[in-house]
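Taken in order, these protein sequences are the chains called E and L.
Heads up, the first sequence is in our numbering, so the first residue is 1 and it goes up one at a time.
Heads up, the second sequence is in our numbering, so the first residue is 1 and it goes up one at a time.
Read the hints as simulated data drawn from the structure, not as lab findings.
Being a predicted model, the structure only gives us computed values, none of them experimental.
Any given hint could be a false lead.
Chain L is faced by these chain E residues, among others (derived, beta-carbon under 8 Å) [as the list claims (entries may be wrong)]:
id, residue
1, W45
2, L155
3, F158
4, T160
5, P163
6, P245
7, R264
Footprint (simulated), chain E over chain L, 3 or more residues, beta carbon under 8 Å [said to hold, decoys possible]:
id, stretch
8, 79 to 90
9, 240 to 254
10, 292 to 302
11, 413 to 424
All C-beta atoms in this analysis are idealised placements derived from N, C-alpha and C, irrespective of residue type, glycine included.
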Amino acid sequence: MKAAVKRRSGSKWAGWLFVLPAAAFYVVFVIQPLAMTVQYSLYSWDGIGVATWNGVQNYLRVFTDPDLFAAILNALKLIVFFSAVPVALGLAIAATIRRIATTRLATVARTVIFLPQVIPLVAAGITWSWLLSSTGLVNQLLTAVGLEGITRAWLGDFSTALPSVGVIGAWVLLGLCTLLLLAGMSKIDPALYEAARLDGAGPLREFFSITLPSLRQEIGVCVTVTVVAALASFDIVYISTQGGPGNASMVPGLEIYYLAFSERQVGVASALAVVLTVLVIACALPIQWLTRDRSS
Amino acid sequence: MVVILGGSLAAACAAPGSGNAQPTAAASSAPALSSAPTCGTEAVTLKGYFETGFPIAKALTDEFTKQHPNVTWDIREDQFAVITQNAPRVLADDPPDLMRLPQVSELVKNNLLKNLDDYAKVFGWDQWPASQLEQMRLAPGGAVRGEGSLYAMGLNFSMTGVFYNKKLAEQIGMTTPPETLADLDAAMAKAKDAGLAPIAQFNGGATGGLAFPLQDLMASYGPSAPINEWIYQKPGATIDTPSNLQATQHLEKWIKAGYFWKDVNAVDYATMMSRFIKGDGLFMFNGDWESGNLDKQMAGNIGFFLMPPAQAGGKRAAMSAPLTFGIGEKAKNADCAAFFLDWVATDAQARTIGVEVGGSHPMGPADAPMPPVAAGSVTENTLAAGAQIAKDNGSMDFIANATGAIYAKSWTPNLQKLVAGEQTPDGLLKSVQADYQSQVKGG
């Protein structure tokens, strides 16, 4: 008996030993930078010379500087495009593809919809900035159907720059959501659908009574990933508008980069980064909690 | 893990940056040079950090090695934006002997650049026209630019103004360059009536190119000296002056009259160049770094004039800036790098490269020999403009260079708002001035 206990506690320590390398990397490359960011956020620092203590002044600026606060609001607006659109559309597309699962068309559709995930974001951003330019395909199509009146330089217009960036994000994330949801659907027991059909349920009823509840966890993953992508967006905005025109499409990720590397206000940049991190966690945790599988 | 955590916690207790070795200003303690340094005769490798897309630096270093075979180069290239972001770190950790420099105030504040005063004395740079070096001088501590010690050197200096498409000009009956602002307005109005785009300009993304015509208009309405004082961060300087307001209102008039492309807020520099070369746009506010390119692509069809003054016979002014290079405070081969910089300005072959490859006026004494250029070329026009500016003492630095962030964070968004009718001329100047004050104060 005694020996068994001893062996068990020994193997417990052995377990920690296996975790140690990964934990060390985690501490050095995740925890430490995070701690340093928090530390920097309390200083006024140009990145080279000696920093001076600044207390919570940097945080006050994040919430009182209208430009910085507007960037946070823009990120929240992007959630509609990066999250709501891909998840809703992804559900519809995945349900459709599932119904035609055995045909060639389903394979083609899956590939086409997932393609944006494979293309480097920078290339996609450049392609979209051509499509959305004043002489681009989007305006050509609008002109062709008689909507010449609304053509414009979509990425250079104050009212359309942020929505245009959102459309690019929706296009990128739609494939990821569709594929995740499709995988989730394939796990659903076909007997459930058969039973529903015997009870006289139509496709809509099937979708809302079987598909949607069974996908709770997958939807949770999709919403979490896309909301984080919206809040932490950088690359799409950087390539397509650089935050312009006149800050109309500025997001926190880009603002942090400008503050730290062009304005050399490492303190304020770090404070904004900490606020952004807290915001991401504050958004992601409730989503996780809401979509948790209650049965387990 | 405990050790690692402990280590990072220990680091976390000190103020950021205090662990770095802080270079201190050493110029006063260094013995003064008694004679001009050279690169000697022994093999030496100079470490260079240059800007991608500007072949002049590479062309000069190649020629230099041809003339001084003991000197070889170890060159790294980056985009200017990358150099801007990396400059302090590179100069602190791995200082190059010769480096393309962004705005230098911050670098001097942190003692990262070599003070070139001794070199200027022994090479005689201080005998050159003072305006050539003015932008690279900084008061102690780097607070104010335009006076004090020399911290950088130019490979040549650029000249800005207005390029025009000669064929389109003929079409609207413009036979000579405008003499006054009113002439320029009239030409633009005629072009608009003839269905041409009067102005080719960029203003998209993070690059507010309308700053070019705006500063030209400022110099047209008022003297250039106060604009320079603002750029140099002289205490009390302001951009919000009555004549600058007139200039901004004039720019707004051009916007409202539809003289710019409708999508100017989505046009970047490269798009502007390709459209202008294709013949879309009568005027373009730009600089002589494009002279060689335009002479090639629009041969015989391209002209250049300096921004005309508001009053007939008034003085001309232009943005004109040296292509700045500096030497790291801790550079290994500073003497040889300084000798190279002097050679660039004084060697006949080097001066020719400065004009032919760089497209701009070489640095150096006022009476230094000028390389021959093709008659009737736009390069000839821009070099002549340089002489005119020197005569009128109208050389200005660019309003985008006042602080490291003023262009991307203030001029650009405000100019884009002005185009969209979301900002007034008065509001624009007040907003830029407020940003300027907060940036000069630092954060």
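Okay, the hints, checked on the actual structure:
| no. | hint | verdict |
| --- | --- | --- |
| 1 | W45 | 5 Å, holds |
| 2 | L155 | 5 Å, holds |
| 3 | F158 | 5 Å, holds |
| 4 | T160 | 10 Å, violated |
| 5 | P163 | 15 Å, violated |
| 6 | P245 | 4 Å, holds |
| 7 | R264 | 6 Å, holds |
| 8 | 79 to 90 | holds (count 4) |
| 9 | 240 to 254 | violated (count 0) |
| 10 | 292 to 302 | violated (count 0) |
| 11 | 413 to 424 | holds (count 8) |
This entry does not satisfy hints 4, 5, 9 and 10, going by the numbered hints stated previously.
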